[in-house]
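The residues making up each chain are set out below.
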Amino acid sequence: MNLRRDVFQAIADPTRRAILLLVASQSLTAGAIAANFDSARPTVSKHLAILTECELLEQEYNGREVYYHVNPKKMKELSDFIEAFRKLWDDRFNKLESVMKKYKPKK
Amino acid sequence: MERKTKIVADEGKQELVITREFDLPVELLFKAYEEPELIEQWMGTKVLKLENKKHGSYQFETTDPKGNKYGFNGTIHEFSSNKKITRTFEFENTPFGVQLEVMKFEELTDTTSKLTIHTVFESVAQRDQMLQMPFAQGLNMAHNRLQEIVNKLK
Numbered sequence: 013m014n015l016r017r018d019v020f021q022a023i024a025d026p027t028r029r030a031i032l033l034l035v036a037s038q039s040l041t042a043g044a045i046a047a048n049f050d051s052a053r054p055t056v057s058k059h060l061a062i063l064t065e066c067e068l069l070e071q072e073y074n075g076r077e078v079y080y081h082v083n084p085k086k087m088k089e090l091s092d093f094i095e096a097f098r099k100l101w102d103d104r105f106n107k108l109e110s111v112m113k114k115y116k117p118k119k
Numbered sequence: 650m651e652r653k654t655k656i657v658a659d660e661g662k663q664e665l666v667i668t669r670e671f672d673l674p675v676e677l678l679f680k681a682y683e684e685p686e687l688i689e690q691w692m693g694t695k696v697l698k699l700e701n702k703k704h705g706s707y708q709f710e711t712t713d714p715k716g717n718k719y720g721f722n723g724t725i726h727e728f729s730s731n732k733k734i735t736r737t738f739e740f741e742n743t744p745f746g747v748q749l750e751v752m753k754f755e756e757l758t759d760t761t762s763k764l765t766i767h768t769v770f771e772s773v774a775q776r777d778q779m780l781q782m783p784f785a786q787g788l789n790m791a792h793n794r795l796q797e798i799v800n801k802l803k
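Protein chains in written order, with the numbering used here: chain A, 13 to 119; chain B, 650 to 803.
Keep in mind the hints are simulated off the structure, nothing from the lab. One or more of the hints may lead you astray.
To be verified - Once the Cα atoms are required to be at most 30 Å apart in a straight line, the calculated DSBU-like pairs of lysine-lysine come out as:
#, chain 1, residue 1, chain 2, residue 2
1, B, Lys733, B, Lys763
2, A, Lys88, B, Lys662
3, B, Lys753, B, Lys703
4, B, Lys753, B, Lys655
5, A, Lys107, B, Lys695
6, B, Lys680, A, Lys113
7, A, Lys116, B, Lys680
8, A, Lys88, B, Lys732
9, A, Lys116, B, Lys653
10, A, Lys99, A, Lys85
11, B, Lys732, A, Lys113
12, B, Lys753, A, Lys114
13, B, Lys753, A, Lys116
14, B, Lys662, B, Lys753
15, A, Lys116, B, Lys715
16, B, Lys662, A, Lys86
17, B, Lys733, A, Lys86
18, B, Lys715, B, Lys763
19, B, Lys732, A, Lys99
20, A, Lys116, B, Lys662
21, A, Lys116, B, Lys695
22, B, Lys732, A, Lys116
23, B, Lys715, B, Lys753
24, A, Lys99, B, Lys763
25, A, Lys107, B, Lys680
26, B, Lys653, B, Lys763
27, B, Lys763, B, Lys732
28, A, Lys99, B, Lys698
29, B, Lys680, B, Lys763
30, A, Lys114, B, Lys662
31, B, Lys715, B, Lys662
32, B, Lys733, A, Lys113
33, B, Lys655, A, Lys113
Start from the sequences, fold in the hints, and give me the full structure.
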């Protein structure tokens, strides 16, 4: 499996998470995104390439400019993975509750 | 009454907070974490060792349907009946590292209570990996089920 295409690998990096937050509210060009970071422009470009490759970001051509925006469908997959974790604990706690409701203290 | 488990995992932080309200008096909720036989029932794990006191330690072992064994262990730093347990947690032979868990047990009414588990990981990456695990397992299970169906069609 190509790790670079892995969504989870993509969001493991704090700069990439910051980029996602930045473009969540508006489409931005690579230059406008880079202006928000201290990192060198090629570093930001590399992050954008990874995020685009794993489909978290989508490119939109407007004349000569390329705008980046978040792909809501892919972002939904990310929230689903937290949901899987939540469901695991919810099931576990439901079990705890039913076990304890039947519990009779030993005399 | 609907009780729902909540997860707070802020971006870029190496911590995780799980909260849940129970339709149980706080004493019974705490007991579920205190008595080995009860832990075995609701967590579906074997309790090899559990010393509920400061400097005490615990060791659990879970076996999956295929017979693979998974070990968990940790040290107890604080054990206050019906109030709080502070302990470390390690899922052995995994890249998740050792976590610090602070569990608070609160009485809401005579018959209801609330549990808050605050877990601190060594790094953000480890926390994110732990969060992804059930999702990844779900994908694997879905894939295996699909494989079974496909095999039957052959």
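Checked hints:
{"no.": "1", "hint": "B:Lys733 to B:Lys763", "verdict": "12 Å, holds"}
{"no.": "2", "hint": "A:Lys88 to B:Lys662", "verdict": "20 Å, holds"}
{"no.": "3", "hint": "B:Lys753 to B:Lys703", "verdict": "16 Å, holds"}
{"no.": "4", "hint": "B:Lys753 to B:Lys655", "verdict": "15 Å, holds"}
{"no.": "5", "hint": "A:Lys107 to B:Lys695", "verdict": "16 Å, holds"}
{"no.": "6", "hint": "B:Lys680 to A:Lys113", "verdict": "12 Å, holds"}
{"no.": "7", "hint": "A:Lys116 to B:Lys680", "verdict": "11 Å, holds"}
{"no.": "8", "hint": "A:Lys88 to B:Lys732", "verdict": "37 Å, violated"}
{"no.": "9", "hint": "A:Lys116 to B:Lys653", "verdict": "25 Å, holds"}
{"no.": "10", "hint": "A:Lys99 to A:Lys85", "verdict": "21 Å, holds"}
{"no.": "11", "hint": "B:Lys732 to A:Lys113", "verdict": "20 Å, holds"}
{"no.": "12", "hint": "B:Lys753 to A:Lys114", "verdict": "23 Å, holds"}
{"no.": "13", "hint": "B:Lys753 to A:Lys116", "verdict": "24 Å, holds"}
{"no.": "14", "hint": "B:Lys662 to B:Lys753", "verdict": "21 Å, holds"}
{"no.": "15", "hint": "A:Lys116 to B:Lys715", "verdict": "33 Å, violated"}
{"no.": "16", "hint": "B:Lys662 to A:Lys86", "verdict": "22 Å, holds"}
{"no.": "17", "hint": "B:Lys733 to A:Lys86", "verdict": "39 Å, violated"}
{"no.": "18", "hint": "B:Lys715 to B:Lys763", "verdict": "35 Å, violated"}
{"no.": "19", "hint": "B:Lys732 to A:Lys99", "verdict": "25 Å, holds"}
{"no.": "20", "hint": "A:Lys116 to B:Lys662", "verdict": "41 Å, violated"}
{"no.": "21", "hint": "A:Lys116 to B:Lys695", "verdict": "21 Å, holds"}
{"no.": "22", "hint": "B:Lys732 to A:Lys116", "verdict": "21 Å, holds"}
{"no.": "23", "hint": "B:Lys715 to B:Lys753", "verdict": "35 Å, violated"}
{"no.": "24", "hint": "A:Lys99 to B:Lys763", "verdict": "18 Å, holds"}
{"no.": "25", "hint": "A:Lys107 to B:Lys680", "verdict": "14 Å, holds"}
{"no.": "26", "hint": "B:Lys653 to B:Lys763", "verdict": "11 Å, holds"}
{"no.": "27", "hint": "B:Lys763 to B:Lys732", "verdict": "10 Å, holds"}
{"no.": "28", "hint": "A:Lys99 to B:Lys698", "verdict": "28 Å, holds"}
{"no.": "29", "hint": "B:Lys680 to B:Lys763", "verdict": "14 Å, holds"}
{"no.": "30", "hint": "A:Lys114 to B:Lys662", "verdict": "39 Å, violated"}
{"no.": "31", "hint": "B:Lys715 to B:Lys662", "verdict": "35 Å, violated"}
{"no.": "32", "hint": "B:Lys733 to A:Lys113", "verdict": "21 Å, holds"}
{"no.": "33", "hint": "B:Lys655 to A:Lys113", "verdict": "22 Å, holds"}
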